[in-house]
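There are 2 protein chains.
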Amino acid sequence: MQKIADLKYASAVLQWDQETYLPPKGGDMRGRQIATLGETAHEMFTSEKFGGLLQALLSREGLTDHQKRNVELSLYDYTKNKKLPAAFVRKMSEAVNKSFHAWILARKENSFSLFQQPLDDIIQLKKQEADLLGYEIHPYNALMNDYDRGLTIDTVDALFTGLKPQLLTLLDKIKSKPPVDDSFLHQHFDKDKQWAMGMEVLKKMHFDFEAGRQDISEHPFTTNFSSQDVRVTTRIDENDFANMLWSCIHEGGHALYEQGLPIEEYGLPLSEYCSLSIHESQSRLWENCVGRGLPFWENNFQMAKTFFPQQFNGITVQQFYKGINKVQPSLIRTEADELTYHFHVMIRYEIEKQLIEGSLKAKDIPAIWNESYKKYLGLTVPDDKKGCLQDVHWSHGSFGYFATYSIGSLYAAQLYAAILEQNPSVEEEIAKGKTETIFAWLQQHIYKSGRYSTSEVLCSNATGEPLNSHFFIDYATKKYSSIYETN
Amino acid sequence: MQKIADLKYASAVLQWDQETYLPPKGGDMRGRQIATLGETAHEMFTSEKFGGLLQALLSREGLTDHQKRNVELSLYDYTKNKKLPAAFVRKMSEAVNKSFHAWILARKENSFSLFQQPLDDIIQLKKQEADLLGYEIHPYNALMNDYDRGLTIDTVDALFTGLKPQLLTLLDKIKSKPPVDDSFLHQHFDKDKQWAMGMEVLKKMHFDFEAGRQDISEHPFTTNFSSQDVRVTTRIDENDFANMLWSCIHEGGHALYEQGLPIEEYGLPLSEYCSLSIHESQSRLWENCVGRGLPFWENNFQMAKTFFPQQFNGITVQQFYKGINKVQPSLIRTEADELTYHFHVMIRYEIEKQLIEGSLKAKDIPAIWNESYKKYLGLTVPDDKKGCLQDVHWSHGSFGYFATYSIGSLYAAQLYAAILEQNPSVEEEIAKGKTETIFAWLQQHIYKSGRYSTSEVLCSNATGEPLNSHFFIDYATKKYSSIYETN
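Just so you know, the sequences run in chain order Y and X.
Heads up: the first sequence runs through residues 1 to 487, numbered per the working numbering.
Heads up: the second sequence runs through residues 1001 to 1487, numbered per the working numbering.
Looking at chain Y on its own, in the form it has when it is part of the complex (with noise of 0.2 Å):
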């Protein structure tokens, strides 16, 4: 397990640099190289040999309880990787790749037609994918259960449901409001003084540089190559102050629990992170409940001053933290507010749903896509690169994966409900600086049990109940009636 891990994790780094360093003319050979690294773990991972010791391994008695969940995960991956034959695996790959450039050009042709024939390819090996993993009820169930084990329509159609009447009823009483004014963002913010403030930033919230670092690429992520070596990224727009300050937080959230998951069990099930859906609620917990809230700049508003002390002249600290929360309907997903941004995950869960269930087509999408945007947010989208076009996932062939990140945001509120009723004192402590607390209670709760139980489990342990939208509403209504003042 562990030198697969290895491999892997190389693999990890090679395409890091892929993203952070790799010279124009190296993509090529780097291609083939990550490839190459993915078939060789892949083989081991699947061999016959490999799989017969992990049966012989589950029935043997005497085995810790970490042990034996290290080995039943294990096993159930491995169950599942048998499923996709390596002629699949390959051709899966080789689609990807031919799709993610198509999406390149795509994009900087600005336009569909360009991706549409390697989406749709790319469309019918998910289905085939899933036909091969199995599922009941519908396909699209096998597809998420890869990136939330256990996750199906049914839980995320009730979810949104419930969610979106809440939201727009939310969204109304905000735009009866005047608009929040927001322009000191838009000055001119020095990158090098950016980047400075996104480091500091880090580590007032405990990443640990010794364990990770901070580079720049195009489009933020984090990695890591074990617990012990953790890489977020970041990029800088100069004359958008919420660009880059955010985003490091968001990626620094995801990393803090990259960095706490065990590394004792280096390789092992358990040094994983529980779910994409959990890891979202670490960087939407970070970005969102501690990182937009009025105590965490209430501490740090003075070193922002301190950084760019012409652009933040007269501006209060309850007028900056009434900028960084405007609500306002938008194109790109990424740079949305906490609310709108539901409306955007819904939009591609539907059409995804759609695409893989066989009721729509990949042609089809502009059109459903800006249909959707007038409808939910009514926005008309100008052009597919603002539109159907903005996001990579599809054209990694991760399909299944965009209702996590509301979900996520839905499990930070929670977490973070938990954490203030469990702590009481907790926005005092951070407004005075100190988000010791937090930290500590994320570890025990969350990183340190690695994948041992799924999403819902581990929030039941954490906070008392499964997810539950309320914390979410619950949350957004204290804030923004604050805000715009609606009550």
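These are computed hints drawn from the structure, not numbers from a lab.
Be careful, since some hints might not be right.
Going by beta-carbon spacing under 7 Å, a handful of chain Y positions derived as facing chain X [said to hold, decoys possible]:
id: 1; residue: Y9
id: 2; residue: P24
id: 3; residue: Q33
id: 4; residue: L185
id: 5; residue: E210
id: 6; residue: A211
id: 7; residue: R213
id: 8; residue: I216
id: 9; residue: S226
id: 10; residue: Q228
id: 11; residue: E350
Taking lysine-lysine pairs in the DSS-like style, the calculated list, with each CA pair at most 25 Å apart, reads [as the list claims (entries may be wrong)]:
id: 12; chain 1: Y; residue 1: K203; chain 2: X; residue 2: K1003
id: 13; chain 1: X; residue 1: K1003; chain 2: Y; residue 2: K91
id: 14; chain 1: X; residue 1: K1191; chain 2: Y; residue 2: K193
id: 15; chain 1: X; residue 1: K1127; chain 2: X; residue 2: K1082
id: 16; chain 1: X; residue 1: K1204; chain 2: X; residue 2: K1322
As the structure is a prediction and not an experimental result, all values here were calculated from the model.
Even glycine gets a Cβ: it sits at the ideal position worked out from N, Cα and C.
Given chain Y's structure and the hints, the job is docking chain X onto it.
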């Protein structure tokens, strides 16, 4: 072969990252990741099935000359690798890991005794390795063969025996003259400006930044992950102008060679360099023959003055040229001038030979080291760090390597003489900022043939005769008699 190359290059990426960007706590797991990649590649390369395929290919008809050579060289490597049992390779890898960390510690504590036992273990293993590989006459031949196929102590002894008295004569003449002034090189030179100037010089050398990059590391090196991704590193000393710049040019020379190797042979022997001696000839040719030459600075001194107007105020290009070529016996090989450099290498070569033949033990090294430095360079070695602990090679198990440093310099002089003879106006071109002729000549005579020929054959083809140290002596005599006015 290409899959094996993918794994080896992946390991090179992990090693590059280890020297440039790895956070401190990431070291342990990185060590095992690199080891796994090495082991996996070794297993693939030494499998009986793979050997059978190579054998079958060798006797197949209709192969082109290049294909045949690729098969021959692969089979040569295969046969050599098969001689080392997996258990031995693992043992060596563990011993190297141990001795490398012992060397780091010994340097920190400035005490050879901390390194003695692990080094002794390495020496015993290297003797075993020589026995396993097989050799004629002397076990050291088996080890040198790894770095330059066919190189023997007969050849090296003869070369060094011829070189030594001529070097000493030259040095005596220089010592009889007043020392040149290089004090202007030891002022404060801003880090960022040094970096910018180094990047400029690399561009002027034709380093392709689309197919490579430069970063900072503690010890400069060149590595590559295909000829389309070649990376150099450097380090900056703000109190020494020479430290970074000639390291840039040196590594740049290595890098041009790697960038010029045929990408269409990726993974095959013909995509590889000829030998370490020839590799070193490429770095030394650019570093010394070009980069410490007067023509180069007739063109580039103005650039140096633009970067550092104060530091070089009132200095003429002649003064600068003399300063950068100052001859002075010194303790550290990598900082030595072109003449005394060879003594550093000869001393190590003699010690290594005796260690491998068993006439010297690890415990004897400091004494013989210090004695030799007194004898050949007239210097008293103040401590082990400035003495026998200065080079990393032994801790890596790299025995048989050092001679290639001197031999590379000799090849460089011979190749440079051939370039000058075939292109009489080349130094006038350099003085005008044009190095295209040299670059094209090296591409044609060195880079593009990869590993097709041995060093000896390559040199004969390029220059009309095998290695002959009189080219270096002629070059050095001409250069230093002008600088020190010894005629």
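Each hint tested on the structure:
1. Y9: With a closest approach of 6 Å, the Y9 of chain Y hint holds.
2. P24: holds, 5 Å
3. Q33: holds, 4 Å
4. L185: Hint violated; L185 of chain Y Cβ to chain X Cβ min 30 Å, cut 7 Å.
5. E210: It holds, given that the least Cβ distance between E210 of chain Y and chain X is near 5 Å, below 7 Å.
6. A211: This interface hint holds because 4 Å falls under the 7 Å limit.
7. R213: Since chain X brings a Cβ to about 5 Å from R213 of chain Y, closer than 7 Å, the hint holds.
8. I216: violated, 12 Å
9. S226: holds, 4 Å
10. Q228: With a minimum Cβ separation of about 4 Å from chain X (threshold 7 Å), the hint on Q228 of chain Y holds.
11. E350: Since chain X brings no Cβ nearer than about 40 Å to E350 of chain Y, farther than 7 Å, the hint is violated.
12. Y:K203 - X:K1003: Not satisfied, since the Cα-Cα distance of roughly 41 Å exceeds 25 Å.
13. X:K1003 - Y:K91: Within the cut-off at roughly 18 Å; holds.
14. X:K1191 - Y:K193: Distance ~20 Å between K1191 of chain X and K193 of chain Y Cα, so the pair holds.
15. X:K1127 - X:K1082: Holds - the C-alpha atoms of K1082 of chain X and K1127 of chain X are around 17 Å apart, at most 25 Å.
16. X:K1204 - X:K1322: Holds: K1204 of chain X and K1322 of chain X sit about 22 Å apart, inside 25 Å.
Going through the hint list in order, the structure does not satisfy hints 4, 8, 11 and 12.
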